[in-house]
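Between the sequences and the hints, there should be enough to build the whole structure, so can you do that?
Chains as they are written, first to last, in this note's numbering: chain A, 1 to 337; chain B, 1 to 286; chain C, 1 to 252.
Careful: at least some of the hints might be erroneous.
[Stated by the list, open to error] The list that follows gives simulated cross-link-like pairs (lysine-lysine, PhoX-like), each with its CA atoms no further than 20 Å apart:
(1) A/K119 with B/K90
(2) C/K54 with A/K117
(3) C/K91 with A/K191
(4) C/K91 with B/K90
(5) C/K54 with A/K316
(6) A/K316 with B/K90
Just so you know, the hints here were simulated from the structure itself, not pulled from any lab data.
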Amino acid sequence: MVTAMTLTGKRTKRDLFWLGLLALFAVIPLTPWFTRSTFAQHVMIQVLLYASMAQAWNILGGYCGQVSFGHSVFFGIGAYGTAMAVVKFGLIPWPGILAGAVIAAVVAVAISYPCFKLKGHYFAIATFAIVEIFNRLFMVWYWVGGALGLDYGFTQPGWKNFVWYQTKDCCFYGVLLLFILVFGIVRWIEKHRFGFYLRAVREGQDTAESLGVDSTRVKLSAMALSAFLAALCGAFFAQYNYRVDPPMVMSLDMSMKFVLITILGGLGTFYGPLLGAALLIPLQEYTRAYLGGIGGGVDLIIFGLLIIIVVVYQPKGIMGILDRVYVRFKRSREGGK
Amino acid sequence: MATFLQVAFDGLLNGLLYALVAAGLSLIWGVMDVINFAHGEFLMVAMYLSYWLGFIWKVDPLVSSVAGGAFVFILGALTYRLVISRTIGKSAMSALLATFGLSMLLKNVCLNRFSPNFRILQHTLLGGKTFNLAGIIIPLPQLVIGLVALALLYLIYLLVKKTRLGWAIQATAMDKEAAELMGINTERIYLLVFGLGGACVGIAGGLLPSYLAVHPEVGGLFSLIAFVCVAMGGFGSIPGALLASLLIGLVEAFAGFYIAPVFKYVAVFGLYLVVVMVRPRGLFGW
Amino acid sequence: MALLEVRNLTMKFGSLVACNDVSFDVEKGSVVGLIGPNGAGKTTLFNCVSGFYKPTSGRMFFDGREVTNLPAHEVARRGAVRTFQVVRPLKEMTVMDNILVGAFLRGADADTAREVAEECLCLCRLEGMADNLAGGLPTGYKKRLEMARALATKPSLLMLDEAMAGLTTTEIRDSIEIIRGLKKGGITLLVVEHIMEAVMSIADKVVVLDSGVKIAEGTPQQIVEDEKVITAYLGAKFTERMKRTGGVTRND
Ligand SMILES: Nc1ncnc2c1ncn2[C@@H]1O[C@H](COP(=O)(O)OP(=O)(O)OP(=O)(O)O)[C@@H](O)[C@H]1O
Ligand SMILES: [Mg+2]
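Here's what the structure looks like:
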């Protein structure tokens, strides 16, 4: 699979870790913890979904350094793509998923081509503005369901329609495939020219240009890929919830989830998005489930605090903390010898 | 014609409110090149303060606005000390992200404490009062806020352009290191600027419950509109922010009235995109 | 035909004319020194040639084809690569990765790129540093990284902007050796440098700028004796010293 393609063709240690992780995920549905509780299933699915979303964003925001707050637009287009296919056209979701992702990539390139000329805060605010515009337009676009959104009717459960009602195992494997796709692509990119170019553009656009890197093209490609993958995540989201409406998918809050999970886990790192999601999603789901009414917003209070702390004290997020622990551990071992 | 004037006037009044909210943001952005994402939540906090003062002790928002200003001054200064000062020198986005965290924190603390309910303050001095000027109906609370906005913007302008402190602020904004060499305590200036920026939005928040319901989400849209005003006006230019705010107020009112209410914000944010595509550093930016 | 031809290049910043009607050639296989007092417009000229600035007027030809107004990455792609006077390491990437970015210009294959990068790493004496983050290197190393990175793109014209400023005497001597080696390897060089001993010892031709105007062009010997250059830049004492030590200092 993807992971076998390392720089030299050998499997490095980190790839073994990554394969091990995937194996672990693959057997989770067989464990009693998972099979006994639909809630645990729900949490696991959410973790993998949000990890994939954050990783999709990470390509552009982390590796390429173009912090976009507009990714919910692409996520939303993906969600609408599949929902339109199923609800409006009565098709199976797959062509909708593909069409949504392609449209998202095209829209992303069309929007960001002019926006990439903007610097710093002007770019950030432009991406906010775009989310608001899309959100409002989808609210009144009756063809795609307007403010009410699109609700799935009953369809035959199974892989063909990509819906299940009784069990979540298949959903889990579905999201695992998405996860493998997104993380696999990033793993591949990390080791190839495109990955180096992404980071070069982040670290210094002029320097990159001086070395023959077409920074505009790199940024646009990163944007297109990132939007494409975000849209796939959106499609899964719609299939999983059997519905879609504008505030659910195209909102600033949703956009910020892409950003903040990555920041929390570690911007521009491979495992960061997974770590961020693995911390945040259980926090969110369990506080909501167990604190109930009195817990309104508690998860977001904690999340807000975590974000402040991470940005202020450890800009590399959880990955940064792990790195530091690892270095200390290695040093103490070497010191012991 | 009368409707046209009415809509225009409503738009201008709303624009002045935006200017009042944006003023503090503009000051902070201009001096520190920092976007305070929690700006709208500062507004919300001041609104709650004003609401509770009015609800429990029957203090009028006109008076509470002073308390709001003072409270958010302290909140702003604390934010600077605890968060912003530690992000300076890191990546340009870090202050924005940290303040986004702060905005989540403030919003959800209020949600948790005060519930998501909309709260309206009854029996305020200005509430519901209007007067008629040659056929145009002018709501009194909005008018007062508009006048306060103009006064406050003028005061900030004077402060920055005409006082010794303003001179130090300008020097710090232009070149932090050079200002330090001149003996300016830039750390204090930043603290003060963040506090002042907070105070402006605090005053706005204190006044608003005269006619606007308070709820935890109220700040979000104000934040975005304030960003757009400031960015469109051009990097920390106070007159630019005022002009942009009025423009946005007008566009919002006309789009809302003549097209459809939902297009208000499509028009506003669309205007921003058009302006920065043509002038990437805003109307008054270089 | 010269490898690089600069024709009537003018660059204005508002009312300031940073380069004023400058023309000169860089012959294939030669080392050309570009000197002049601070603010003479040397870096500006580099920026124009390498596509970072759009010149106000004038044209540039590289390898027989016009490169005026081409974007920077396209100029680099054609083989004219520059370094920056104020070093610009890709800070959060390792030294090796920095050089790899350059090496990838001539092919997407990671293994080949790595080989090229290793070579450049050794050539610029950065061997022990491969896995260090570029942002944390000492200045001298950063300067050499600039050079290694540019070299990794396999340029036919290498433009060095004060690659020796701030280096120690030994480091300068190393750099001179490296440049001589590059020349032997067939790379043409355009070198901006304030360290006269260095320029004079490596350059086949020297172009002198002053306030944006080209005031002289010629062999190092001619330049050292040029009255205009002496008043504008070198100073009489320097010429005295140069003459005493026999025109150009070599390797001592
Ligand atoms: N982007 C710019 N905008 C405005 N003026 C500029 C710009 N770049 C350079 N200048 C001006 O152009 C003139 C030439 O500058 P340049 O950097 O080319 O000089 P230089 O010969 O490289 O000097 P040094 O030896 O100090 O590196 C200077 O007066 C400088 O201030
Ligand atoms: Mg220079």
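Taking the hints in turn, this is what the structure says about them:
1. A/K119 with B/K90: holds, 17 Å
2. C/K54 with A/K117: holds, 17 Å
3. C/K91 with A/K191: Holds, at roughly 18 Å.
4. C/K91 with B/K90: holds, 13 Å
5. C/K54 with A/K316: Violated - the C-alpha atoms of A/K316 and C/K54 are around 38 Å apart, more than 20 Å.
6. A/K316 with B/K90: Holds, at roughly 12 Å.
Checked against the numbered hints listed earlier, the structure breaks hint 5 alone; every other hint is satisfied.
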